[in-house]
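With chain A held as given, fit chains B and C onto it using these hints.
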Amino acid sequence: MKTPVSMLTMSDVTKVYRVKDSLLGGAGRDVVALDRFSMTINAGEIYGLVGESGSGKTTVSRLIVGLEPADGGDIRFDGTKVMGLKGRRRKNFTKQVQVIFQDPYQSLNTHFSIFETVCEPLVIHGIGDRQFRRARVCEILDTTGLTPPETYLNRYPHQLSGGQRQRVAIARAMVLEPRFLIADEPTSMLDALISFQIFRLLNHLRESFGVAILFITHSLAAARNLCDRVGVLYRGQLVEQGTAEETIMNPLHPYTKALLDAHPRFGSSRQKAYGVLRETERPIPDVDHCPFYPRCNPAMDNICNESTPTLKYLDSGRKVSCFLF
Amino acid sequence: MTQPFSTTQATKDAFGGGTERHVPYWIERFLDGWAIYRKNVIGRIGVVLLCLFALMAAVSYIPQWVNPIYNPMTGVDPQISYSTGPSFRHWLGTDNIGRDLFSQLLAGARVAFIVGITSALISILFGTTIGMVAGYYGKRTDLILMRFADMVMVMPTLLVVLILSALFGQLNIWVIVVMIALFRWPGVARVIRSQTMSLRHRPFVEAAIVAGASRFRILFRHILPNVMPLALLYMTFRVTSAIIIEAALAFLGFGDPGTVSWGMMLQWVWKTGHMFQAPYWLLPPGICISLITMAFYMTGRAMDDVLDPRLREEEIKR
Amino acid sequence: MTTSLLDVENLSIGYHTGNGIHLAVDNVSFHVERGGSLGLVGESGCGKTTIGMAIMGLLPPNAGVVSGHIRFEGEDLTTVDDSRMRKIRWRRISMIFQAAMNALNPVQRVQAQVAEAIITHEPELSRHAVAHRTRSLFKLVKIPEDRLRDYPHQFSGGMRQRVIIAMALACNPSLIIADEPTTALDVIVQNQILKAIGMFQKEKNIGMIFISHDIAVVSDVCTHIGVMYEGSLVEMGRKEEVFYCPGHPYTRLLIESLLTLSDEPADLSEVSCVIAPQGITGDGGCSFNETCSDASAACRNEKVGWVELSDTHRVRCNLAGKEVEG
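Protein chains in written order, with the numbering used here: chain A, 1 to 325; chain B, 1 to 318; chain C, 1 to 326.
The set of hints was computed from the structure by calculation and includes no laboratory data.
Because the structure is a prediction, the values reported are computed rather than measured.
Idealized CB from N, CA, C, for every residue including glycine.
Errors might be hidden in some of the hints.
Said to hold, decoys possible - Example chain A residues on the side facing chain B (calculated, C-beta under 7 angstroms, incomplete):
1) Val-65
2) Lys-91
3) Phe-101
4) Gln-106
5) Ser-107
6) Leu-108
7) Asn-109
8) His-111
9) Ile-124
Unchecked claim - Label-pair restraints from in silico Cβ distances:
10) A:Leu-311 / C:Gly-64: 53 to 63 angstroms
11) C:Pro-60 / A:Met-249: 43 to 53 angstroms
12) A:Thr-308 / C:Asp-146: 25 to 35 angstroms
13) C:Ser-67 / B:Ala-58: 53 to 63 angstroms
14) A:Glu-306 / C:Met-85: 55 to 65 angstroms
15) C:Ile-21 / B:Pro-279: 53 to 63 angstroms
16) C:Met-85 / A:Leu-311: 55 to 65 angstroms
17) C:Arg-147 / A:Asp-142: 53 to 63 angstroms
18) A:Val-31 / B:Ser-194: 23 to 33 angstroms
19) B:Val-48 / A:Tyr-105: 35 to 45 angstroms
20) A:Lys-81 / C:Arg-149: 44 to 54 angstroms
21) C:Pro-60 / A:Tyr-105: 13 to 23 angstroms
To be verified - No more than 20 angstroms apart at the CA atoms, straight line, and that leaves these computed lysine to aspartate or glutamate pairs for DMTMM-like:
22) A:Lys-86 / B:Glu-206
23) B:Lys-139 / A:Glu-68
24) A:Lys-95 / B:Glu-206
25) C:Lys-142 / A:Glu-279
26) C:Lys-195 / A:Asp-261
27) C:Lys-195 / A:Glu-281
28) B:Lys-139 / A:Asp-71
29) C:Lys-139 / A:Glu-281
30) A:Lys-257 / C:Asp-186
Only chain A is shown next, with the shape it has when bound in the complex (with noise of 0.2 angstroms):
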């Protein structure tokens, strides 16, 4: 088994938003996005983080690409630092890192043709001529699904579905042939059917070009079939990170078995429910507590609501957050 190469590390990352409350509240207050999270994604690996709206899965995303700036820890990709990155530096990490949004809708500009889509990111590094350019552009709407490439070239996104606007964008992501591709929940406006067929070509992405993919969604089941690890979010913090055949099949984090137990039973083998979630939530504690007790019914009183547990490293690899271990 080859060592893995680490890529891209963040470590105690923590994200605030300030809330102004307009009307009512007076002063603002603060909404805590991402808590002192760390994760590190290897070079080659599909890392799935999987948690429910809310989690900061997206605020992630975000500010790995600088679309906004961090208040604290730190983001390294190859070992320099992400944030603040100016100029050429700057252009170089966007080269190598690229996103895919949730909604293929709302991502690709309507007045562009396919071709100036997929060709921006090239104009913008100065790659090629315009006959590079344009090979580069019918080559990779090829790889993406997208053929014959030339039937493309000229429409325009209304003219797409919604699956073939996703490829599109995946294409404009790939045009670069980037190490390091985020997908945001890139199927939760497709139906099953063409979900599946995008996380095919994710698949084919990783296999044929080898990159890397930070793969942000809200179904443990997808995470299961496309990611060699998953790390679970709940309310800014990583609860439970490990392989994903190991997270999914022998949960630690109660969240992780409250997430199980109410994924639709069917077409799944598993017919035991872990039974973690409270029928009524207790009172949230003033001190520092363990984001999921008031939900978890295993949590210890006096232990779970006086304080914050921390990551713990387990014997097989595996990391969770929980007193319980």
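What follows is chains B and C alone, placed relative to chain A:
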């Protein structure tokens, strides 16, 4: 995928829209918009009126070419030394020194178009650029630019222009055009700014940022095409106000003495004391000013309907 | 013989477009028993929401029933007039909407909103009876008593959805149409809502049509499943039959692409399959032939009919029966 690449063919296919099926998107959008526009009665009236005025402006060169006595400014009918009513020789009559009123009216249309459209264009250019920059950069830039816009906005345009022309004497028509434009951009800037602010966080703009696009590229390649329709809409309203301001200035005697605008015609009526003696002289320019501003306003209103996303949606569903 | 609660017969619904009538629903038949639940599955735009709207009599002005009947408790809803429809709607048939979270009035307490729904449709009830029913409704959807006087913004998305369900149940309807009621919710909340829906449906013996694009969600709540493709029903049967021996190639594809938490991960290695355009589909030909791997020229041109695989399971594919035999 083996395809012979000749540069010409590649260029043609990629940029020329090789086959008929692939019309550029903006043309398609324009045709779609026109289809909605055509259903709007107010818009149709506006367009017909505008076409009539444009025709007037276009034929305004003909009378003086037929006979120099019809020159709106310098042409004087030697046989007439006082204001006369409509006749076969002078369709709308003459003013008190024998100049043809009809050819003056035609020349006025030309001036109205020039003044209205140029000053609207300039103010849109300023407003859009400043609005986009303020909306995109945000923070300090936004604060400074918008406070400045507020200051300009609260200045009474007419009064300031009056004071300036009183200071510097008679102003050239182009100076008036530029001054109107300089005072009328803040409203546009405000609208474009808020539109830009909402576009800035749209995924397609963020995708361009992630791809490494420069701010200049994002502003002019991604945001500008999306705010352009709104800017055009505001242009029609700016045209209206520019025409009215110019007419008011001219009527008050601060117009360019070298041009024949409708405002100037009104001023001459008033100055020569024909206000209540010569309706054939007073009414045509007055009616024309009202009609042309109304026409631009109606066109703008109808365009507003075209741009209204709710109406567009219905069109798509149908 | 008992008549079923809802009988939809050869229903076709069309939208008027610039060039003629576009059929959104084409010749669909199904029935729902009292206390039964039918799940309609299909991709977005396949006409499943249109069916729900037609049953509620809420089709947009540019759409209309072209042919067929909707019989509800023996009454044909396609022929009744507006005032009668208004009486049936909400009292006898109610609906849980897709974007239900926005359907609540932000400046009214949730209790009052549910009470209002009852009073509007049953004005003869006394205040006491209304209050009593409101309380029991909230108990049914498991909203704690101390939160009845809260405003909608104090509720989470899942709780708001519960209020909406309580409102849909307010007048003891005998049929409920749930149109993607959990699409916007998280997995855990979705599971809770599905449980709540399943429970009241059994407890009150209400018929239900559950519309969703997610075949796994439908399998959790429904006893019968209808699969829709481009406006027509292609497969219909009991949940187990449809899932374990799907007859239509489209259903098979849907189930194949369903990602599960099973031991073996799905095979993602195959290079993305590309849909190749084929010849024009003839009149009455199978509309799925473009994607279907088994499709032949015959599928495109021959009229496609129903094949009965069992008493309760039928498939609209000409190849289905043959496959079972050979």
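Against the structure, the hints:
1. Val-65: Holds. Min distance 5 angstroms.
2. Lys-91: 5 angstroms, holds
3. Phe-101: With Cβ-Cβ at 4 angstroms, under 7 angstroms, it holds.
4. Gln-106: Because about 4 angstroms separates A:Gln-106 from the closest Cβ in chain B, which is inside the 7 angstroms limit, the hint holds.
5. Ser-107: Check passed: Cβ of A:Ser-107 comes within 4 angstroms of chain B, closer than 7 angstroms.
6. Leu-108: The hint holds - A:Leu-108 has a Cβ within 7 angstroms of chain B, the shortest such distance being about 6 angstroms.
7. Asn-109: At 4 angstroms from the nearest chain B Cβ, A:Asn-109 passes the 7 angstroms test, so the hint holds.
8. His-111: 4 angstroms, holds
9. Ile-124: 5 angstroms, holds
10. A:Leu-311 / C:Gly-64: 53 to 63 angstroms: Taking Cβ atoms as reference, A:Leu-311 and C:Gly-64 lie about 60 angstroms apart, which means the hint holds.
11. C:Pro-60 / A:Met-249: 43 to 53 angstroms: Because 48 angstroms falls inside the window, the suggested range holds.
12. A:Thr-308 / C:Asp-146: 25 to 35 angstroms: 29 angstroms, holds
13. C:Ser-67 / B:Ala-58: 53 to 63 angstroms: At 58 angstroms between Cβs, range holds.
14. A:Glu-306 / C:Met-85: 55 to 65 angstroms: Given range 55 to 65 angstroms: holds, Cβ gap about 60 angstroms.
15. C:Ile-21 / B:Pro-279: 53 to 63 angstroms: 59 angstroms, holds
16. C:Met-85 / A:Leu-311: 55 to 65 angstroms: Holds, at about 59 angstroms.
17. C:Arg-147 / A:Asp-142: 53 to 63 angstroms: The hinted range 53 to 63 angstroms holds for C:Arg-147 and A:Asp-142, with Cβ atoms some 56 angstroms apart.
18. A:Val-31 / B:Ser-194: 23 to 33 angstroms: At roughly 25 angstroms between Cβ atoms, B:Ser-194 and A:Val-31 fall inside 23 to 33 angstroms, so the hint holds.
19. B:Val-48 / A:Tyr-105: 35 to 45 angstroms: 38 angstroms, holds
20. A:Lys-81 / C:Arg-149: 44 to 54 angstroms: Check passed, 52 angstroms falls within 44 to 54 angstroms.
21. C:Pro-60 / A:Tyr-105: 13 to 23 angstroms: 21 angstroms, holds
22. A:Lys-86 / B:Glu-206: 17 angstroms, holds
23. B:Lys-139 / A:Glu-68: Distance ~15 angstroms between B:Lys-139 and A:Glu-68 Cα, so the pair holds.
24. A:Lys-95 / B:Glu-206: 15 angstroms, holds
25. C:Lys-142 / A:Glu-279: Holds, at roughly 10 angstroms.
26. C:Lys-195 / A:Asp-261: Given that 20 angstroms is the threshold and the Cα spacing comes to 12 angstroms, the pair holds.
27. C:Lys-195 / A:Glu-281: Distance of about 18 angstroms is within 20 angstroms: holds.
28. B:Lys-139 / A:Asp-71: 18 angstroms, holds
29. C:Lys-139 / A:Glu-281: 17 angstroms, holds
30. A:Lys-257 / C:Asp-186: 15 angstroms, holds
Hint check: no violations occur; every hint is consistent with the structure.
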